[in-house]
Amino acid sequence: MIVSLLLLYAALAAAAPVDMSQPPEVEPMRAVKLPPRCEWKLKNGMTVVLVEDKRVPLVTVRLAIPGGEAAIAAEDAGLIDALAELLTDGTAVKTSKQIAESAELFGGALSADAEPDLVVLRASALAGKADAMASLLAEVVRSPSFPEAEVALRKANMKEELAASRAESDFLSGVTFYKKVFAGHPYAVTAPTDASIERINRERVVAAYRRLFTPSGALLIIVGDISRPDAESLVIKNFGTWQGGPAAKDAPPVASVKAERRVYLLDRPKSSQISFILGNSAIREDNPAYFDLLIANQVLGGSFSSRLVRDIRETKGYTYRIGSRLEHRLTGSLFKIRTPVRTEVAGQALAAILDHLDKIRKGEATAEEIKQAKAYLAGSFARSLETQAGVADAVLKIRASRLPADWYDAYVDRVQAVTAAGAKRAAEVFIRPDELTIVAVGDASKAAALLSQFTKKPIVAVDQDGN
Amino acid sequence: MMKSLLLLALWAAVPAGAAETAPRVDFSSFTLPNGLRVILSQDACVPVVAMAMIVDVGGRHEARGLSGFAHLFEHMMFEGSKHVPKGGFDQLLESYGGDNNASTHTDFTFYYEEVPSNALPIALWLDADRVGALDIAPESVKNQIEVVKEERRMRVDNEPYGSLLHVEMASHTFSNWQNAHPTIGSFEDLDAASLKDVRAFFESYYSPDNIIMAIVGDIDPAQTRKLVESYFTSMPAKARTKAADVTEPMPAGERVIKLVDTHAKLPALGFTWKGGPERGADDYYAMLLLGKALFSGKSSRLYQKLVKESPAAVSLDGGLGFPLSDADEYKAPGAFGGFVVHKREKTPSEIKMLVEAEIAKVAAEGLAPAELERIKTKFRSDWLRGQETRLGRAQRLLYATLLDGDPEAANRELPRFMAVTSGQIRSAAAARLVPAAATWFELAAGEDK
Chain A
70 MIVSLLLLYA ALAAAAPVDM SQPPEVEPMR AVKLPPRCEW KLKNGMTVVL
120 VEDKRVPLVT VRLAIPGGEA AIAAEDAGLI DALAELLTDG TAVKTSKQIA
170 ESAELFGGAL SADAEPDLVV LRASALAGKA DAMASLLAEV VRSPSFPEAE
220 VALRKANMKE ELAASRAESD FLSGVTFYKK VFAGHPYAVT APTDASIERI
270 NRERVVAAYR RLFTPSGALL IIVGDISRPD AESLVIKNFG TWQGGPAAKD
320 APPVASVKAE RRVYLLDRPK SSQISFILGN SAIREDNPAY FDLLIANQVL
370 GGSFSSRLVR DIRETKGYTY RIGSRLEHRL TGSLFKIRTP VRTEVAGQAL
420 AAILDHLDKI RKGEATAEEI KQAKAYLAGS FARSLETQAG VADAVLKIRA
470 SRLPADWYDA YVDRVQAVTA AGAKRAAEVF IRPDELTIVA VGDASKAAAL
520 LSQFTKKPIV AVDQDGN
Chain B
1367 MMKSLLLLAL WAAVPAGAAE TAPRVDFSSF TLPNGLRVIL SQDACVPVVA
1417 MAMIVDVGGR HEARGLSGFA HLFEHMMFEG SKHVPKGGFD QLLESYGGDN
1467 NASTHTDFTF YYEEVPSNAL PIALWLDADR VGALDIAPES VKNQIEVVKE
1517 ERRMRVDNEP YGSLLHVEMA SHTFSNWQNA HPTIGSFEDL DAASLKDVRA
1567 FFESYYSPDN IIMAIVGDID PAQTRKLVES YFTSMPAKAR TKAADVTEPM
1617 PAGERVIKLV DTHAKLPALG FTWKGGPERG ADDYYAMLLL GKALFSGKSS
1667 RLYQKLVKES PAAVSLDGGL GFPLSDADEY KAPGAFGGFV VHKREKTPSE
1717 IKMLVEAEIA KVAAEGLAPA ELERIKTKFR SDWLRGQETR LGRAQRLLYA
1767 TLLDGDPEAA NRELPRFMAV TSGQIRSAAA ARLVPAAATW FELAAGEDK
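These protein sequence lines map, in sequence, to chains A and B.
When we follow the working numbering, the leftmost residue of the first sequence carries the number 70, and every step to the right adds one.
When we follow the working numbering, the leftmost residue of the second sequence carries the number 1367, and every step to the right adds one.
The set of hints was computed from the structure by calculation and includes no laboratory data.
Keep in mind the model is a prediction, meaning the values are calculated, not measured.
From the three backbone atoms N, C-alpha and C, an ideal C-beta is built for every residue, glycine too.
A couple of the hints might just be wrong.
[As the list claims (entries may be wrong)] Distance ranges between label pairs, derived from CB positions:
hint, chain 1, residue 1, chain 2, residue 2, range
1, B, 1408, A, 86, 24 to 30 Å
2, A, 268, B, 1748, 54 to 60 Å
3, A, 325, B, 1408, 49 to 55 Å
4, B, 1710, A, 216, 21 to 27 Å
5, A, 204, B, 1521, 40 to 46 Å
6, B, 1621, A, 296, 44 to 50 Å
7, B, 1467, A, 239, 18 to 24 Å
8, B, 1553, A, 225, 36 to 42 Å
9, A, 204, B, 1394, 40 to 46 Å
[As the list claims (entries may be wrong)] Quick list of in silico lysine to aspartate or glutamate cross-link-like pairs, DMTMM-like style, CA-CA up to 25 Å:
hint, chain 1, residue 1, chain 2, residue 2
10, A, 440, A, 396
11, B, 1674, A, 154
12, A, 163, B, 1675
Use the sequences and the hints to build the structure in full.
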């Protein structure tokens, strides 16, 4: 491979002055796979995945606990988020400040986030200090103390953070979008309310912790400059005696009901833009049609040279930012477009977006578009493996979404196998303009008139909580 | 199959770096007869190459009436060139699995492509065509002015605290227009931009002797050098207007600026000191670490004081360079500043007193030994992480070349940070963060009166 690359470069270099009229011919991309990983299970039910990666003297860790924001009732929205944040705010022997200082002393960071289906702890350390990192990680996971004062502070700050978030159109449009598109399902709730924050107290946090935090079903991913024997002893020492009950149950499946297109409008007076989110339910990554849909989405709005960016941003200048994506929870998936556009052209912009949905469903993408979409996805995958965090997140993705173990090893081949006809078929079935949930956040005095043409039903006015 | 076996073997074989510093970034460099400086660094772990380019022009170089031009020009560089149609740049790069972006800073403009290593010749061809023969078409200029205005609406005018952080803090911190005007530009200047102005800007600054290039990753340095020579040697260097005077008068006493933000739900207090030290000066390393001690993470002094102990604030940010640039990407005069979003029932003067007290404490006592060790350990770890990606290494080599005058400075930086003493931090704080030189920004949330 190296020899042939050398020859190619040499051939190009010899042709001086270089011919600028055509892009140079190049070789195919070198194959790329996830690096080798080994996996073992502790007696208490915790799974460990190790990737030895000595490219930099660092170690990166992910610990995923099943049961995230979707594991609680809507009235408690924000509770798991508070719990995750509070894990690093006090243990049996350390204060919040001491935890932060310990993390800095191993040259890293330790944080916990509530996701829809998981609580994920992320940590990293200098290679020589992986022991200290594992010890602190185990401490916050196994013996958090949830001090009263920290719970009260978190609660007060959540109220302020909510107030601050509500100043942002993107936040507001997201709250309403998920509330409507996942209506009736735990995934519908993505933000707390003033009332749900009010309900947070130490007892509820501790109860949620006891229910979710157990080694059974927990997944520990270690990527970095550490040997298997060292990793094994570090895991046994810190997690070997951890005991607990059964893992939290999965969220219920998202029901696939035929929806009708609805437009929801949240008034944000004086806003110079209208923030749109529109989308409909889609398919999991292990669905046979997934890669077809992935390519269709890529052609539509998955990258800078996609149709939406080229047309809505570059040609028409309606927005600075637009894109479409496929989004996944454990039991439900979405196709989604997000864009803020300036208010005066919001009607034209939405009409143009719907026109693009129509085109991607009714006509095959060009060979050039398909080739480009495939290469982009393959190249992006190669780039994601540059960092330990990228490798760790790829492993987490496979495991957390319960994808086949070879999912990323076969990823590039599956992307390459998609045809224009397949992508069109998938777009026809899974991108459904008539079923779109359309959310607009902007100055309602101007927006209502612009948007009424896009729905047969009356526009639904919503409040900041999406109700 | 052979290809991926080779990759896996390389993955395991790369040795870890020395324990107490960072692994050296090895590189070679050369300059073409037309003045283009090029830095090459090889790393075949992953079949990816980062190709980055720094142009020595930023917001500070702009002339009065042409604010926002460096940034507008960054957009124009993606609008087509002699052999690449409008939109073709992204399209071609993406069709080989590459990604790209660019950013405009106060002191330079940065461009990069990340590509699978086989596609490096494509990236070079694209860059050679746009640097050598950019197509500055009237409709592209018109369209990009609209896109830039939209970007300003999104980032500045429609975003809580956007106007404070992106416009007001710079405009009141500095008094020389070159430093004080926003890099994003004003609507008036953008609307008034003529095709002639845009072309003159390109002719002035996008000359090979005003550009530095770094190529890092899965390359053969000798062959890559030949490739760069074949694409860039024939490009002539162009004459430039004299660099603008960016000297800044001494601060004329403490000032308080009162502002109202209709999008913000919570009040905020911003603060700046102008005159951040030059890169390479002892104070630069001390002030950067001081910024970490005050603002970075949950163990930082102001987080503990303002969010945890008092508790008066919700969030905060700040440090060397803030909010005009990152700490490692400015030429003097820089800034040192902070931004605290606080609770509605707290007054700006209550927040100000807490901030001043903490800074006075550092100026009197420096940092505790354990605190300094912690901050250095974290800094070293972040430094290593920044070096993980090819783009991260390319950026570091380019910054060192442009801002320190020598790519090797990228390898000297970390030991300089590790050598900072508590005494240096104390005296830097005492000398530079003096109350009489501060500018405070009291931002009220809510309706404009």
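Taking the hints in turn, this is what the structure says about them:
1. One distance hint, 24 to 30 Å for the beta-carbon pair residue 1408 of chain B and residue 86 of chain A, holds here, with the actual separation near 27 Å.
2. About 38 Å separates the C-beta atoms of residue 268 of chain A and residue 1748 of chain B, a value inconsistent with the hinted range of 54 to 60 Å.
3. One distance hint, 49 to 55 Å for the beta-carbon pair residue 325 of chain A and residue 1408 of chain B, holds here, with the actual separation near 51 Å.
4. Between residue 1710 of chain B and residue 216 of chain A the CB atoms are about 25 Å apart, so this pair conforms to the stated range of 21 to 27 Å.
5. A hinted range of 40 to 46 Å for the beta carbons of residue 204 of chain A and residue 1521 of chain B is consistent with their spacing of about 42 Å.
6. Between residue 1621 of chain B and residue 296 of chain A the Cβ separation comes to about 58 Å, which falls outside the hinted range of 44 to 50 Å.
7. Distance hint check for residue 1467 of chain B and residue 239 of chain A: the Cβ-Cβ separation is about 20 Å, which falls inside the suggested range of 18 to 24 Å.
8. Distance hint for residue 1553 of chain B and residue 225 of chain A: a CB-CB separation of about 40 Å, consistent with the stated range 36 to 42 Å.
9. Distance hint for residue 204 of chain A and residue 1394 of chain B: a CB-CB separation of about 43 Å, consistent with the stated range 40 to 46 Å.
10. Only pairs whose Cα atoms come within 25 Å are accepted, and residue 440 of chain A paired with residue 396 of chain A is accepted, the gap being roughly 23 Å.
11. Our distance criterion of 25 Å between C-alpha atoms is met by residue 1674 of chain B and residue 154 of chain A, whose separation comes to about 14 Å.
12. Among the hinted pairs, residue 163 of chain A with residue 1675 of chain B is consistent with the structure: their alpha-carbon atoms are about 16 Å apart, no more than 25 Å.
Of the numbered hints given earlier, the model fails hints 2, 6; all others are met.
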